[in-house]
Amino acid sequence: MSLASDSYYMFLRWMKKLVRNPILLFFSLFQPIIFLVLFTQLFSSFGLLLGGINYTIFATAGIVLQNAFSSAFQSGTAVVDDIKSGFLTKMLATPASRASILLGRLLSDAFRVFAQSLIILVLAYGLGVFPVTGFIGYVLILFTVAFFGLAWSGISLALGLRTKSAETVFGIAGTLTFPLLFMSTALMDKRLMPEWMKSVSAYNPISFAVNAIRDLIMIGYNWNSFLLSFGVISLIAILTLGATIYEFRKVVS
Amino acid sequence: MPAVQVENLVKTYGDGTQAVKGISFKVDDGEFFGFLGPNGAGKSTTIKILTTLLRKTSGLANVAGLEIEHDAQKVRKLIGVQMQDTVIDEDLTGRENLELQGHLQQMHGEELKERVNELLKVVDLGDAADKRSAYYSGGMKKRLDLASTLVHRPKILFLDEPTTGLDPQSRAQVWSYLKGLNQTGMTIFITTQYLEEVDRLCRRLAILDHGEIVAQGSPSELKSEIGADRITLALANGNPGTGSLKDMAKQVLGGLGGIKEIVDSDEGIVVYAKNGGFLVPDIVRAFDTAEIKLSSIGVSSPTLDDVFLKHTGRRIRPEEIDKSRASGMFGRRRR
Ligand SMILES: Nc1ncnc2c1ncn2[C@@H]1O[C@H](COP(=O)(O)OP(=O)(O)O)[C@@H](O)[C@H]1O
Ligand SMILES: [Mg+2]
Chain A
20 MSLASDSYYM FLRWMKKLVR NPILLFFSLF QPIIFLVLFT QLFSSFGLLL
70 GGINYTIFAT AGIVLQNAFS SAFQSGTAVV DDIKSGFLTK MLATPASRAS
120 ILLGRLLSDA FRVFAQSLII LVLAYGLGVF PVTGFIGYVL ILFTVAFFGL
170 AWSGISLALG LRTKSAETVF GIAGTLTFPL LFMSTALMDK RLMPEWMKSV
220 SAYNPISFAV NAIRDLIMIG YNWNSFLLSF GVISLIAILT LGATIYEFRK
270 VVS
Chain B
7 MPAVQVENLV KTYGDGTQAV KGISFKVDDG EFFGFLGPNG AGKSTTIKIL
57 TTLLRKTSGL ANVAGLEIEH DAQKVRKLIG VQMQDTVIDE DLTGRENLEL
107 QGHLQQMHGE ELKERVNELL KVVDLGDAAD KRSAYYSGGM KKRLDLASTL
157 VHRPKILFLD EPTTGLDPQS RAQVWSYLKG LNQTGMTIFI TTQYLEEVDR
207 LCRRLAILDH GEIVAQGSPS ELKSEIGADR ITLALANGNP GTGSLKDMAK
257 QVLGGLGGIK EIVDSDEGIV VYAKNGGFLV PDIVRAFDTA EIKLSSIGVS
307 SPTLDDVFLK HTGRRIRPEE IDKSRASGMF GRRRR
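Keeping their order, the protein sequence lines are chains A and B. Residue 80 in the working numbering sits at position 61 of the first sequence, and the numbers go up by one each step. Residue 328 in the working numbering sits at position 322 of the second sequence, and the numbers go up by one each step.
Keep in mind the hints are simulated off the structure, nothing from the lab. Think of the CB as a built atom: it goes at the ideal place given N, C-alpha and C, for glycine as much as any other residue. One thing to keep in mind: the hints can contain errors.
To be verified - Label pairs and their in silico Cβ distance ranges:
id, chain 1, residue 1, chain 2, residue 2, range
1, B, N123, A, F49, 57 to 63 Å
2, A, F49, B, Q189, 54 to 60 Å
3, B, N14, A, S184, 51 to 57 Å
4, A, D100, B, N281, 55 to 61 Å
5, B, M7, A, R117, 26 to 32 Å
6, A, I138, B, R206, 56 to 62 Å
7, A, A23, B, G71, 44 to 50 Å
What the hints assert, rightly or not - Residues from chain A that keep clear of chain B, each with C-beta distances beyond 10 Å, as calculated:
id, residue
8, F45
9, L57
10, T75
11, G105
12, M110
13, L111
14, Y157
15, F162
16, K217
17, V219
18, A262
19, I264
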């Protein structure tokens, strides 16, 4: 009944915490920007191997996704903080809807990824990257990546709620980021991958989302790849958010 | 209708720890009720159950006439809860902390704004209201935490050791706020390890030890149950803790008339006796004859500490908390 308004105030709380920690905000954007500016320069000759395309344009989709991935992966640590400080307990002592505690957090994760992606796209625009699908393309990209962020933060939340250790969440996130990123089409076309990696990358959920966004940037509307990525992200969301709700119930009861 | 009614309440944690072993007590509407006990007695466990934060194992627990597990949502609207550790969001200002609590209690708009302003004044945070609470001093944080439990005008306020770890001045301040709140009709349920505070302010109290209530009643009732003055003896030669000397001393005391009870204490021996003052010369003479040296002897009227000592054979030592506090900053304290 009060789910919507409770979630809104929870969301607002996270937003305030985010903007009041500008260092956090800066560092979470630092890596994607480095990737966008340096990595694409360093690897610009890959463009030649891919038939003379501009590598920066190619890699933008991957970098946007990489940011969503690592940003959302930190969500669980914030919830661990709330458990350890007792703030979660304090919220549970009020009649606020239980679901709003998770929902507010997830909405803030999605919004953060949305805003960060927008910044990356604006920077990329400065480097000459703009989607052939124009404004609608931007909108579709931002929503896809925010949805991806929401689904992905579920993993982090479930881990945080289960282990109650920020170090564990950080450790697992840090360990998984690069293998998952490199074994996807985020930064490399599958034609240039060794065979075994090609098959791994074909099942890597990041690849699906990257391909959909890359098509919007480089080719145009490819509804097949768009809907496919939507389906894959939905599947991840169901799994990770299911796990989160399960772990949350255990913590709350 | 009592504000809190508990019968045979039991809590056994998942690891088998029996934190609460079938306690029963009642808190009347508008009462200032103290829940007293040493570290690990089960105070926090009881308060968590009564505030819907922990499921009981068995027994009956009603708050404001509502069964806590069945009517948890209704109970949460009627109560305010302050946890043992200060809990505020340090990224938010004092005002924002209070407003968030209000929102989660379904308060909005002008009504909430006014209420928050009023509370900020009550706890003397008017000037710091729009500063990040991270920059508050310990006492200010505690006051903000207290204010945040009051936003929705709870009927019953639960406080878990609100004064532990505070300097004496802040402690006195918190107690005076609480006294004021109680005078407006709010029921207050407070746990503490500070006996003098309970003695002075609580109308009734229960003493908890190892998960069991060992005594309950008004402070004066409990003290008069002792029905005697206390005479504290400290033995001079050797460590007062060593057995044989203490036993000898107790034997000597046993031979004297007019003594109600002899209890071991960490400092030496405590003797309860009517008209204790008259007994002192007898004791001194008897010890002289037995060649046991006394390092000190003193007479006082009984305190709640004596009540506790009588029922448990131990004393409550609030300074123990400070040690556990200090280690809690590094290791995680169990909640
Ligand atoms: N979550 C828990 N799991 C297992 N044992 C616990 C838990 N919380 C508290 N205890 C134990 O229950 C007993 C009572 O603890 P507590 O209610 O915190 O006491 P107090 O608040 O009076 O110091 C202690 O022995 C404590 O170690
Ligand atoms: Mg406690």
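We went through each hint and held it up to the structure:
| no. | hint | in the structure |
| --- | --- | --- |
| 1 | B:N123 x A:F49: 57 to 63 Å | 41 Å, violated |
| 2 | A:F49 x B:Q189: 54 to 60 Å | 56 Å, holds |
| 3 | B:N14 x A:S184: 51 to 57 Å | 37 Å, violated |
| 4 | A:D100 x B:N281: 55 to 61 Å | 60 Å, holds |
| 5 | B:M7 x A:R117: 26 to 32 Å | 28 Å, holds |
| 6 | A:I138 x B:R206: 56 to 62 Å | 59 Å, holds |
| 7 | A:A23 x B:G71: 44 to 50 Å | 31 Å, violated |
| 8 | F45 | 16 Å, holds |
| 9 | L57 | 32 Å, holds |
| 10 | T75 | 36 Å, holds |
| 11 | G105 | 4 Å, violated |
| 12 | M110 | 6 Å, violated |
| 13 | L111 | 6 Å, violated |
| 14 | Y157 | 31 Å, holds |
| 15 | F162 | 28 Å, holds |
| 16 | K217 | 45 Å, holds |
| 17 | V219 | 39 Å, holds |
| 18 | A262 | 21 Å, holds |
| 19 | I264 | 19 Å, holds |
The structure fails hints 1, 3, 7, 11, 12, 13 (numbered hints given earlier, in ascending order).
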